[in-house]
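Okay, here's what each chain looks like letter by letter:
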Amino acid sequence: MRLYQTDEELVDALRRGEERAFAALLDRYYGPMLRLAMTQVRDRVQAEDVVQEAWLGVVQGIHRFESRSSLRTWISHILLNIARTRARRERRSVPFSALEGAGDDAPGPSVDPERFFPGDHQRWAHHWAMPPRSWGASPEERFVSNETLAEIERAIATLPDTQRAVITLRDIQGWTSPEAARLLAITEGHLRVLLHRARSKVRRALEHHFGDPRR
Amino acid sequence: MTAPRGEMTCQELVELVTEYLEGTLGPSERQRFEGHLRSCDGCTTYLEQMRQVIAALGHLTEASIPEPIKQGLLRGFRDWKSASG
Numbered sequence: 001m002r003l004y005q006t007d008e009e010l011v012d013a014l015r016r017g018e019e020r021a022f023a024a025l026l027d028r029y030y031g032p033m034l035r036l037a038m039t040q041v042r043d044r045v046q047a048e049d050v051v052q053e054a055w056l057g058v059v060q061g062i063h064r065f066e067s068r069s070s071l072r073t074w075i076s077h078i079l080l081n082i083a084r085t086r087a088r089r090e091r092r093s094v095p096f097s098a099l100e101g102a103g104d105d106a107p108g109p110s111v112d113p114e115r116f117f118p119g120d121h122q123r124w125a126h127h128w129a130m131p132p133r134s135w136g137a138s139p140e141e142r143f144v145s146n147e148t149l150a151e152i153e154r155a156i157a158t159l160p161d162t163q164r165a166v167i168t169l170r171d172i173q174g175w176t177s178p179e180a181a182r183l184l185a186i187t188e189g190h191l192r193v194l195l196h197r198a199r200s201k202v203r204r205a206l207e208h209h210f211g212d213p214r215r
Numbered sequence: 216m217t218a219p220r221g222e223m224t225c226q227e228l229v230e231l232v233t234e235y236l237e238g239t240l241g242p243s244e245r246q247r248f249e250g251h252l253r254s255c256d257g258c259t260t261y262l263e264q265m266r267q268v269i270a271a272l273g274h275l276t277e278a279s280i281p282e283p284i285k286q287g288l289l290r291g292f293r294d295w296k297s298a299s300g
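Order-wise, the sequence lines are chains A and B.
Counted the way this note's numbering counts, the first sequence spans residues 1 to 215.
Counted the way this note's numbering counts, the second sequence spans residues 216 to 300.
Take these hints with a grain of salt, some might be off.
[What the hints assert, rightly or not] Listed next, the stretches of chain A that the computed footprint assigns to chain B, with coverage defined by at least 3 CB atoms under 8 angstroms from CB atoms of chain B:
| hint | region |
| --- | --- |
| 1 | 55–64 |
| 2 | 82–91 |
[To be verified] Heads up, incomplete: computed chain A residues facing chain B, CB under 8 angstroms, no partners named:
| hint | residue |
| --- | --- |
| 3 | Val-11 |
| 4 | Val-202 |
| 5 | Arg-203 |
What the hints contain is simulated information worked out from the structure, not anything from laboratory work.
Note that beta-carbon positions come from the ideal geometry of N, C-alpha and C, so glycine has one too.
If we strip away everything but chain A, and leave its shape as in the complex, we get:
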């Protein structure tokens, strides 16, 4: 049983100055916030700094919080504003070329075109020439292995920032698409495009990982 079941209980306790409410909030949201901060500020120490600054903003602003949005959304808005300001400041001090790969990447196919029959194939144009091989009907065990999760983390780390932010919110942290799109100030259509690219890249990395002949 969690100590504070609802946002309202947590917010009320914070406003009353209950320290254990703040401790509960830290336990619940520190990790997710750090991951989110790192979609804007890649350096871990800097990101931790951003998160700490955000917490101060949360504490000082808690009396202004209105339940129109969820507590998580409100905290994440504060965090992203701080992280973006920090990232902008950093960008001004680094050469432009160092920023490549920070934003959106060029659209590419989800699957290597070589794996399909060419368009002039008489019978199977654009159909699988090298279809994916099943990872098994119940690969649960495989997926929760530390090795596989580490592989997924590596794949995510190579994604452009906006794709990383989208897949973090939607798939890792379970935000709905409308919520995530609003937080990132993009349209839901754009969110789906970025999400698709990100998921496709993680799938490719896993396919490569599982296809390792050493296995």
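Given the coordinates of chain A, assemble chain B onto it according to the supplied hints.
Chain B in isolation, oriented as in the chain A frame:
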């Protein structure tokens, strides 16, 4: 991307998986998508893998807060509390 409105190709399908899973394909696209799936093992496997990827992403764990950081923030909370009365 100008395939005829008839049968969907595999190469077309793999680009629509997220729209399909998010429920944002129009009715006729959805029909073409599902029609293709019924007759294509490769795409059935592909869709299954994308679902497995999404499930696996939900298993990633978030860092827990390091104790010194937590203590520091709790100190900040007490300071704020005493300052704001």
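Supplied contact hint for Arg-203/A, tested at 8 angstroms Cβ to chain B = Holds. Min distance 5 angstroms.
With chain B as the partner, please determine if Val-202/A meets the hint condition of a C-beta pair closer than 8 angstroms.
-> Nearest chain B Cβ about 5 angstroms off; hint holds.
Does the region 82–91 of chain A contain three or more residues whose Cβ lies closer than 8 angstroms to a Cβ of chain B?
-> violated (count 0)
Can we keep the Val-11/A interface hint, with Cβ of chain B closer than 8 angstroms?
-> violated (14 angstroms)
Check whether three or more residues of the region 55–64 of chain A sit with their beta carbon closer than 8 angstroms to a beta carbon of chain B.
-> holds (count 4)
Hint compliance for this structure: hints 2, 3 are not met, and every other hint is.
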